[in-house]
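A.B. asks: Chain by chain, the residues run as shown.
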Amino acid sequence: MIWTDLRRIIKAGITNFWRTGTVSLSSVFIFTVTLYFLGSLIFLQAVLDYTLTQIKDRVDVNTYFTIATNESKILSIKKKLEALPEVSSVNYTSRDEALAQFKKRHENDYLTLQALDELGDNPLGASLNIKAKDPSQYESIVRFLQSDSLGAESGGLIDKINYNQNKNVIERLSGIIDGSKKIGFGVAFALAILSVLITFNTIRLVIYVAREEIGIMQLVGANDSYVRGPFIVGGIIYGVFSAIFALILFVPTTIWFGETTTNFFGGINIFDYYMSNFLEIAFILLLSGVLLGAISSVLAVRKYLR
Amino acid sequence: MIYFDKVSKIYKDQSVALEDVTITISPGEFVSIVGHSGAGKTTLLKMLMVEEKPTTGKVFFESIDVQTLRGKEIPTYRRRIGVVFQDFKLLPNKTAYENIAFAMEAAGRSDEEIASDVPHALELVDLGLKRWNFPHQLSGGERQRVAIARSIINQPDVLIADEPTGNLDPINTQEIIQILKKINDLGTTVILTTHNKGVIDSLGKRVVTMENGRISRDDEKGRYVM
Numbered sequence: 001m002i003w004t005d006l007r008r009i010i011k012a013g014i015t016n017f018w019r020t021g022t023v024s025l026s027s028v029f030i031f032t033v034t035l036y037f038l039g040s041l042i043f044l045q046a047v048l049d050y051t052l053t054q055i056k057d058r059v060d061v062n063t064y065f066t067i068a069t070n071e072s073k074i075l076s077i078k079k080k081l082e083a084l085p086e087v088s089s090v091n092y093t094s095r096d097e098a099l100a101q102f103k104k105r106h107e108n109d110y111l112t113l114q115a116l117d118e119l120g121d122n123p124l125g126a127s128l129n130i131k132a133k134d135p136s137q138y139e140s141i142v143r144f145l146q147s148d149s150l151g152a153e154s155g156g157l158i159d160k161i162n163y164n165q166n167k168n169v170i171e172r173l174s175g176i177i178d179g180s181k182k183i184g185f186g187v188a189f190a191l192a193i194l195s196v197l198i199t200f201n202t203i204r205l206v207i208y209v210a211r212e213e214i215g216i217m218q219l220v221g222a223n224d225s226y227v228r229g230p231f232i233v234g235g236i237i238y239g240v241f242s243a244i245f246a247l248i249l250f251v252p253t254t255i256w257f258g259e260t261t262t263n264f265f266g267g268i269n270i271f272d273y274y275m276s277n278f279l280e281i282a283f284i285l286l287l288s289g290v291l292l293g294a295i296s297s298v299l300a301v302r303k304y305l306r
Numbered sequence: 001m002i003y004f005d006k007v008s009k010i011y012k013d014q015s016v017a018l019e020d021v022t023i024t025i026s027p028g029e030f031v032s033i034v035g036h037s038g039a040g041k042t043t044l045l046k047m048l049m050v051e052e053k054p055t056t057g058k059v060f061f062e063s064i065d066v067q068t069l070r071g072k073e074i075p076t077y078r079r080r081i082g083v084v085f086q087d088f089k090l091l092p093n094k095t096a097y098e099n100i101a102f103a104m105e106a107a108g109r110s111d112e113e114i115a116s117d118v119p120h121a122l123e124l125v126d127l128g129l130k131r132w133n134f135p136h137q138l139s140g141g142e143r144q145r146v147a148i149a150r151s152i153i154n155q156p157d158v159l160i161a162d163e164p165t166g167n168l169d170p171i172n173t174q175e176i177i178q179i180l181k182k183i184n185d186l187g188t189t190v191i192l193t194t195h196n197k198g199v200i201d202s203l204g205k206r207v208v209t210m211e212n213g214r215i216s217r218d219d220e221k222g223r224y225v226m
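If you read the sequences in order, they're chains U and H.
Read in order, the letters of the first sequence correspond to residues 1 to 306 in the working numbering.
Read in order, the letters of the second sequence correspond to residues 1 to 226 in the working numbering.
Just so you know, the hints here were simulated from the structure itself, not pulled from any lab data.
Among the hints, erroneous ones may be present.
Stated by the list, open to error - Keeping only pairs whose Cα atoms sit at most 35 Å apart, straight-line, the calculated DSBU-like set for lysine-lysine is:
| no. | chain 1 | residue 1 | chain 2 | residue 2 |
| --- | --- | --- | --- | --- |
| 1 | U | 103 | U | 56 |
| 2 | H | 58 | U | 11 |
| 3 | H | 130 | U | 11 |
| 4 | H | 12 | U | 11 |
| 5 | U | 11 | U | 78 |
| 6 | U | 104 | U | 167 |
| 7 | U | 303 | H | 94 |
| 8 | U | 303 | H | 58 |
| 9 | U | 303 | H | 181 |
| 10 | H | 72 | U | 303 |
| 11 | H | 58 | H | 181 |
| 12 | H | 197 | H | 130 |
Here the structure is a predicted model, which means the values were calculated and not measured.
If we strip away everything but chain U, and leave its shape as in the complex, we get:
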């Protein structure tokens, strides 16, 4: 009995979808726009996340040691730093490496190299390059380096920490990152709500057109779920078709935007991202479409079921 009803409801939903051609077509169109919109939010979020991670990754603090500091002490400080929960990585650059890097950087600058040669000895100290897990944590790491917690080890060893000169930039960047995350989430949330309202209204119009039919079905003796069923099936069909159309539409869009995003945001190619996350995005869009269609239908029909 339940299966017979279910089969009849699904059949009626599909038949209605085909027979109300224009209405179905325009609904699918609006649903597609909405899902396209929702999908774009996923891409926007991905680009934002990637960019912010990139920026975060570029922030670091260098601690330069005096020339006289011996390597074992620096390595022991490195160990202690690595033990801190805020620290994501610490890189050691020895005096020789620093010199090599300096020479490479100035390989076309003959005057500087000559001056270096005249000095004879290596004037550069070793350094530690520290990366924090979050930009806001540099302050406490630097405080740790300057504090007594390193004991006598650090006394007079540290020549300079380039945090203070970068402090303003780092702080502003943390602010921007936090802000963009909040704004990104807020905008995505507002747009998602907007799309839900648009689809809901579309379905409401479709069912408003069919309100007389609902009354007739009830007069003929159909119970509420038998009246509601085909509309829910219709809503689900809108959702499925629209998700498929939106997924297809994203192919040319992401190809077109791919180059631009790679150049502009440094690294992320939106088309590659789409392809590598296709199943996940397809699942999200299909689920959103189906849920939006079904829930809107239930809510819209309820008004006419007396």
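Given chain U, work out where chain H should sit, using these hints.
C.D. replies: Same frame as chain U, but now just chain H:
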């Protein structure tokens, strides 16, 4: 048996649709209810269909106090009453066949029953050849015949025909009335409302006359007197 017991309907704006109406309709009867527009005919029928509730009084269908039916019981109850309207009320996206089949599906009948009964009903109203036409491809008379076939497909105890010939020409009107008589002859109670004097006079059946929400006459073998 249908029994309206001192039924009144007063709307929120204090307009009175029905006032102290008491009437009994026996099984197998053919009753015509006549009266001007706004006399209360349709309100009376809507109460039997549980589309409206009386302000005071009670409506009984056999032993059922119609007012006490709960939401879930109403669809089952309504399947015992077939209804035909002036504006046909067919589902526009379903064919003649599907419109009739829908009433059976709603009643939970099997596919086999539907496949055997629907063609019979279509033959009864002489629409066998137009079964796959949509309502907009049928004439007014044909649409009303589909509606009648739908209303009787579940073998209801009562058939309500609310001005079924209001939109039809005289020839189609006569055809519809003949079908209603045939259905009544087969044992179904028929309640007909109409403005058509010719129809009432030709029937020679019980006529209830309503005026301003009250019953002013109730004649066995009556005529249209207004």
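A.B. asks: Are the hints correct? Go through all of them and say.
C.D. replies: Now for the hints, and whether the structure bears them out:
no., hint, result
1, U:103 x U:56, "holds (28 Å)"
2, H:58 x U:11, "violated (41 Å)"
3, H:130 x U:11, "holds (22 Å)"
4, H:12 x U:11, "violated (42 Å)"
5, U:11 x U:78, "violated (70 Å)"
6, U:104 x U:167, "holds (28 Å)"
7, U:303 x H:94, "holds (23 Å)"
8, U:303 x H:58, "holds (28 Å)"
9, U:303 x H:181, "violated (38 Å)"
10, H:72 x U:303, "holds (17 Å)"
11, H:58 x H:181, "holds (29 Å)"
12, H:197 x H:130, "holds (31 Å)"
In summary, the numbered hints that this structure violates are 2, 4, 5, 9.
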